[in-house]
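Chain residues, written in single-letter form:
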Amino acid sequence: MTVEEHTPIGARSDGASADFETPFIMAPAVPKPGKSRLRLASDSILPPVVFGVFIIAVWYGISYVVLDADRRFLLRPPHDVWQKGFADWENFHELLNGLQSSAKVAFIGLGISIVLGTSLAILMSQAKSIERALFPYMVTLQAIPVLAIVPLIGFWFGFGFKSRVVVAVIISLFPIIVNTLFGLQSADRGVHDLFTLHHASRLTRLRKLTLPNALPAIFAGFRISAGLSVIGAIVGDFFFGKGDVGVGQLLRRYANFLKSEQLLAAVIMSSLLGVAVFLAFGWLQEKVTGKWYEHGGGEV
Amino acid sequence: MTDSGVNVAPTVSFNSISMVFPDGTEALRDVSFSVDKGEFVTVVGPSGCGKSTLLKIASGLLHPSGGTVDIDREKLGYVFQDATLLQWRTVRQNVELLAELHSVDKDERARMSTDAIELVGLKGFEDHYPKSLSGGMKMRVSLARSLTLQPPVFLFDEPFGAVDEITREHLNEETLALFQREGFAGLFITHSISEAVFMSTRVLVMSARPGRIVAEYEVPFGYPRQPDLRFDPEFAKLSGQISASLRGAHS
Ligand SMILES: Nc1ncnc2c1ncn2[C@@H]1O[C@H](COP(=O)(O)OP(=O)(O)OP(=O)(O)O)[C@@H](O)[C@H]1O
Ligand SMILES: [Mg+2]
Numbered sequence: 015m016t017v018e019e020h021t022p023i024g025a026r027s028d029g030a031s032a033d034f035e036t037p038f039i040m041a042p043a044v045p046k047p048g049k050s051r052l053r054l055a056s057d058s059i060l061p062p063v064v065f066g067v068f069i070i071a072v073w074y075g076i077s078y079v080v081l082d083a084d085r086r087f088l089l090r091p092p093h094d095v096w097q098k099g100f101a102d103w104e105n106f107h108e109l110l111n112g113l114q115s116s117a118k119v120a121f122i123g124l125g126i127s128i129v130l131g132t133s134l135a136i137l138m139s140q141a142k143s144i145e146r147a148l149f150p151y152m153v154t155l156q157a158i159p160v161l162a163i164v165p166l167i168g169f170w171f172g173f174g175f176k177s178r179v180v181v182a183v184i185i186s187l188f189p190i191i192v193n194t195l196f197g198l199q200s201a202d203r204g205v206h207d208l209f210t211l212h213h214a215s216r217l218t219r220l221r222k223l224t225l226p227n228a229l230p231a232i233f234a235g236f237r238i239s240a241g242l243s244v245i246g247a248i249v250g251d252f253f254f255g256k257g258d259v260g261v262g263q264l265l266r267r268y269a270n271f272l273k274s275e276q277l278l279a280a281v282i283m284s285s286l287l288g289v290a291v292f293l294a295f296g297w298l299q300e301k302v303t304g305k306w307y308e309h310g311g312g313e314v
Numbered sequence: 516m517t518d519s520g521v522n523v524a525p526t527v528s529f530n531s532i533s534m535v536f537p538d539g540t541e542a543l544r545d546v547s548f549s550v551d552k553g554e555f556v557t558v559v560g561p562s563g564c565g566k567s568t569l570l571k572i573a574s575g576l577l578h579p580s581g582g583t584v585d586i587d588r589e590k591l592g593y594v595f596q597d598a599t600l601l602q603w604r605t606v607r608q609n610v611e612l613l614a615e616l617h618s619v620d621k622d623e624r625a626r627m628s629t630d631a632i633e634l635v636g637l638k639g640f641e642d643h644y645p646k647s648l649s650g651g652m653k654m655r656v657s658l659a660r661s662l663t664l665q666p667p668v669f670l671f672d673e674p675f676g677a678v679d680e681i682t683r684e685h686l687n688e689e690t691l692a693l694f695q696r697e698g699f700a701g702l703f704i705t706h707s708i709s710e711a712v713f714m715s716t717r718v719l720v721m722s723a724r725p726g727r728i729v730a731e732y733e734v735p736f737g738y739p740r741q742p743d744l745r746f747d748p749e750f751a752k753l754s755g756q757i758s759a760s761l762r763g764a765h766s
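Heads up: the sequence lines are chains A and B, in that order.
Everything in the first sequence is counted per the numbering used here, starting at 15 for the first residue and increasing by one.
Everything in the second sequence is counted per the numbering used here, starting at 516 for the first residue and increasing by one.
Keep in mind that the hints were calculated from the coordinates and are not lab data.
No incorrect hints appear here.
Lysine-lysine pairs mimicking DSSO-like chemistry, simulated, CA-CA at most 27 Å apart:
#1 Lys590/B x Lys552/B
#2 Lys305/A x Lys222/A
#3 Lys638/B x Lys222/A
#4 Lys222/A x Lys621/B
#5 Lys621/B x Lys638/B
#6 Lys222/A x Lys590/B
#7 Lys256/A x Lys273/A
#8 Lys646/B x Lys305/A
#9 Lys646/B x Lys301/A
#10 Lys621/B x Lys305/A
#11 Lys142/A x Lys222/A
#12 Lys118/A x Lys176/A
#13 Lys305/A x Lys638/B
#14 Lys222/A x Lys646/B
What the simulated footprint calls covered on chain B by chain A, stretch by stretch (three residues with Cβ under 8 Å from a Cβ of chain A suffice, anywhere in the stretch; the number is not a length):
#15 601-608
#16 612-619
#17 635-649
Built from N, CA and C at the ideal position, the CB exists for glycine as well.
Pulled out of the complex, with its shape left as it was, chain A reads as follows:
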């Protein structure tokens, strides 16, 4: 699982692969015949747009053809969702507020996971015995269904904001630990020998070798965890609703009142938040490692 996560999914845009080629282009950049910038853009935008249209068509098909009028509440057609969920300012406003509350929980949770997960992984990378001591417990921790410990979290951290953050941390911590540890341990044996030959201290080795070497894997972990922290925030909000209203509470409310248009709108908004965070980390990763990292090959 780690190896696949190490290579971020769908990270490369055409712009980035053009970047990769620049060092070889010595002559003034002549646009490649038949592949203009416009064409490249349309190549990457057209397929998802076409598929999006297809999804909406299927959605309409289910709402109007598969479902009878009296059962249409099961899946309202897209324009109803648009009108009641998004175009209605009052509802949209409520959604935005919920989203803001959940985003805050997700970011704080993710921040804690990043600091905690990276530190734990660095600690484990320093000695096999530490790794052996801690790792089984981390696996166990992440194998516990959140649902099972919801009451405990409530007792310990209350039924509001703090518990929501705890859920976000629990859900997003593991991929960061696993990916970071994998990255820290994947440095080339020969480079380690080189550092040994020149009497590098533990700290120097970490700073100049294992940590930079782990960056691509670390960011792959961040990206996965970023998405998970949004899910964690919403799940946490669903169970721990004290204080301001997040997306989880909204989902619960809409479900109780059978407001399926609003429900769908909330689902769409929360997945958009997840996508936005995922893309943001992808962008950051490209900024940090894009110049040097050779996708799909660790060999130097």
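We have chain A; now place chain B with the ligands onto it with these hints.
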């Protein structure tokens, strides 16, 4: 290390080195020889006979099970079979790595790396990342990196095994030019007999495992050596002799 000429003691010497790995593999048995300053000694031998092990012992990465090595490890040049570059560093930053590990100050480092990069013919590529270099260029960066410390002893573990023949011959000539210029003691490992003869002042043949030195050949050619030395009848004769004793070493 700068007192060239007055150095009488050999720069590297192996005294009855033997190596048995914890799993019982006997890699080396009673290996003794030395390399003086201004010498370029090459060891050829069948795969798995313990050549890399020998260099690891020389560098201190491995401890022998018997015997001793006399060597100054303070500023050792060691070129591995792979370029072992740091992907996230540019050519210049890679070349500066060792000086950095030895806490050489910034200006001095910049000067060292500029010289080394120029020596290996990579001027103009200072700001490239390894991913945009060819295999041969990466090897040259690795070479330049070792050069920065001006090591009195240079260990090479099949450094050009992974590049094509033309590039290899180029790199051979460049390495020899460096050898002449820097005057280090070189200990070189290779599978290629012609590479061995072309580069060295002396060629040692190692037997199959457990590795022992079974033959020794002085190479009678002076430096600088021209590329067409490879077609000299004398060159062919010596290569033939080494090849014959290598075949003997295999059994
Ligand atoms: N750490 C180790 N533990 C056990 N055996 C080892 C270890 N390292 C090397 N060996 C064994 O020692 C022998 C010599 O290995 P070495 O790498 O020195 O060979 P080599 O002469 O460099 O071969 P090649 O030319 O293929 O690089 C081999 O049989 C190898 O399997
Ligand atoms: Mg070897």
